[in-house]
Amino acid sequence: MNEAVVLEHVEKHFKKYVLKRNYASFKERLVHFNWFEKNPNKEQLEVLHDISLSIDKSTVFGMIGNNGSGKSTLLKLIAGIYKPDKGRVTLNGRVSTLIEIGAGFHPEFTGRENIFINGIILGLPRKEIKKRFDQIVAFAELEEFIDAPVRTYSTGMYMRLGFSVAVNVDPDILLIDEVLAVGDESFQKKCIEKIMEFKNSGKTMVIVSHSMEMMKRLCDDVAWVRDGTLVRGSTPADTIAAYQSANK
Amino acid sequence: MKRLIEHFRDLYRYRALVSALVVRGLKARYRGSVLGFFWTFLNPLLLMLVYLLVFSTVMKIGIKNYSVFLFAGLLPWTWFSTALTDGVGSIVNGSSLITKVLFPPQVLPTVAVLVNMMNYLFTLPLLLLFLIVLKMPLGLTFFSILPVILVQLILTQGATLMVSAINVYFRDLQQIVTNFLMLGFFVTPILYPLSHVPQKVQFIFYINPMTVLFRSYQWIFYYNIHPNWLHLLYLLIGSFVVLLIGVYIFEKLKEAFPEFI
Numbered sequence: 001m002n003e004a005v006v007l008e009h010v011e012k013h014f015k016k017y018v019l020k021r022n023y024a025s026f027k028e029r030l031v032h033f034n035w036f037e038k039n040p041n042k043e044q045l046e047v048l049h050d051i052s053l054s055i056d057k058s059t060v061f062g063m064i065g066n067n068g069s070g071k072s073t074l075l076k077l078i079a080g081i082y083k084p085d086k087g088r089v090t091l092n093g094r095v096s097t098l099i100e101i102g103a104g105f106h107p108e109f110t111g112r113e114n115i116f117i118n119g120i121i122l123g124l125p126r127k128e129i130k131k132r133f134d135q136i137v138a139f140a141e142l143e144e145f146i147d148a149p150v151r152t153y154s155t156g157m158y159m160r161l162g163f164s165v166a167v168n169v170d171p172d173i174l175l176i177d178e179v180l181a182v183g184d185e186s187f188q189k190k191c192i193e194k195i196m197e198f199k200n201s202g203k204t205m206v207i208v209s210h211s212m213e214m215m216k217r218l219c220d221d222v223a224w225v226r227d228g229t230l231v232r233g234s235t236p237a238d239t240i241a242a243y244q245s246a247n248k
Numbered sequence: 001m002k003r004l005i006e007h008f009r010d011l012y013r014y015r016a017l018v019s020a021l022v023v024r025g026l027k028a029r030y031r032g033s034v035l036g037f038f039w040t041f042l043n044p045l046l047l048m049l050v051y052l053l054v055f056s057t058v059m060k061i062g063i064k065n066y067s068v069f070l071f072a073g074l075l076p077w078t079w080f081s082t083a084l085t086d087g088v089g090s091i092v093n094g095s096s097l098i099t100k101v102l103f104p105p106q107v108l109p110t111v112a113v114l115v116n117m118m119n120y121l122f123t124l125p126l127l128l129l130f131l132i133v134l135k136m137p138l139g140l141t142f143f144s145i146l147p148v149i150l151v152q153l154i155l156t157q158g159a160t161l162m163v164s165a166i167n168v169y170f171r172d173l174q175q176i177v178t179n180f181l182m183l184g185f186f187v188t189p190i191l192y193p194l195s196h197v198p199q200k201v202q203f204i205f206y207i208n209p210m211t212v213l214f215r216s217y218q219w220i221f222y223y224n225i226h227p228n229w230l231h232l233l234y235l236l237i238g239s240f241v242v243l244l245i246g247v248y249i250f251e252k253l254k255e256a257f258p259e260f261i
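Listed in order, the protein sequences are those of chains B and G.
When we follow our numbering, the leftmost residue of the first sequence carries the number 1, and every step to the right adds one.
When we follow our numbering, the leftmost residue of the second sequence carries the number 1, and every step to the right adds one.
Derived by calculation from the structure, the hints in this document are not laboratory data.
Glycine residues also receive a C-beta, built at the ideal position from the N, C-alpha and C atoms.
The reader is advised that the hints may include incorrect statements.
Covered stretches of chain G, going by a simulated chain B footprint (3 or more residues, C-beta under 8 angstroms) [as the list claims (entries may be wrong)]:
hint, segment
1, 42-53
2, 226-236
In silico lysine-lysine, PhoX-like type, Cα no more than 25 angstroms apart, as pairs [claimed, not checked]:
hint, chain 1, residue 1, chain 2, residue 2
3, B, K57, B, K248
4, B, K127, B, K194
5, G, K252, B, K15
6, B, K15, G, K254
7, B, K83, G, K252
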């Protein structure tokens, strides 16, 4: 099998009342409830329609698109966090997600403690984390601050630590949502090197980013998510160009 | 049935995460405070002294060594009630994890239950210290506490799973649980022995399953006798039913958690 990720006719809807978060309070229900008609809030909003996609092993797959087009939803479907309403998602290998940097970090705890918990959350046994601990800290360039609580970290430090844990968990498939944008030039360079190294060792990555420069440099394949469907040109550069001209 | 097995198997597979989060939960509670872990003992001690002041000085309840009687019930009640109040919001408050990383969500309410159980176990030496200081006897009956704790664990886990899942869709539950626990605290013989309850209303206490549980604790620590095993067996069966219902509700609702929180 050469595919790492396969999506077949995947659809995803959200109920409108969930999106709007307008859970009617008791008073509202009494006053405004329409007793005879169907509740309009029960309507569904289709976020992704009929998406089919396969991503080969040892490639970097990029997703671009405007905010709210469904990129993150697609990423969460691949991660298994959302279940598709229709269709099927198949994965070959262990997934590590970096949908938000440092998801699960506790601000009162030190960098050291958070590395362990974050690593365990991402599915790495304690022993393995111990083995890779120095590597994680070195990559994040946080040797000096590793025993300070992460609430004292700057956004950049926080991000470096989160990224470092996620890549050192050594997954087969790594999903990255919009996180490379924060670091400074030198750290970005390091991330790109790491991503290349990853790719060369046969691993697969799915990246969401608004930085077209980065996408051009990194991705072997790019899809433009437009209103819940995939638009793809003949080459990644084509897709990016089409997206850019649509936004002019 | 298959899902039921999976529920527990997933929990077992993620035991490293559960234990890491339990340790973090225990540490997080008093992190940054000067007295730190010492608060684990200080909190129940101060709570007990407040009740002691009210019920033995002002209201004159007339029970010898009332402090031990109080401790026997107050400590496990703290476990039960704090597990529920922590647990009811555990899924909603864990949104940063649940919407971003794939892991079995039952980990979160389970951690709430276990953190508070550990906390209870840590406070037991305090109770034993009171027994020694007041020269009260305690023999092998002490070990009867193990099945009692097991029953409470099963019951608390079931109840916590249930409320944590429902709270995602019906957030008023958080408030309801808090108030319900307040009621529960006063209609369970914790501050007073069951014998102080007027005959006419005693039936309420017999309906309340918590009565059996808390009397068991009092029998062991205060009266130094074994609990009523038959009643405890009934409660064990009842607790299993609560756990099964809890798991069932949780499994039914969990699929849509990431979309609702």
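To see whether the hints hold, each was checked on the structure:
A count of 0 residues in the segment 42-53 of chain G with a Cβ less than 8 angstroms from any Cβ of chain B is obtained; the coverage claim is therefore unmet, three being the minimum. As drawn, the segment 226-236 of chain G meets chain B at 0 residues by the rule of a beta-carbon pair under 8 angstroms; below three, the given contact is violated. Restraint check for B/K57 and B/K248: the C-alpha separation of about 34 angstroms exceeds 25 angstroms, so the hint is violated. At most 25 angstroms may separate the alpha-carbon atoms for a hinted pair to count; B/K127 and B/K194 meet this at roughly 23 angstroms.
For the suggested pair G/K252 and B/K15, the alpha carbons sit about 18 angstroms apart, so the restraint of at most 25 angstroms is met. Taken as a hint, the B/K15 and G/K254 pair is honoured in the structure, with Cα atoms around 16 angstroms apart against an allowance of 25 angstroms. Under the criterion of a C-alpha separation no larger than 25 angstroms, the hint pairing B/K83 with G/K252 is consistent with the structure, at around 14 angstroms.
Violation of the numbered hints given earlier is confined to hints 1, 2, 3; the remaining hints are satisfied by the structure.
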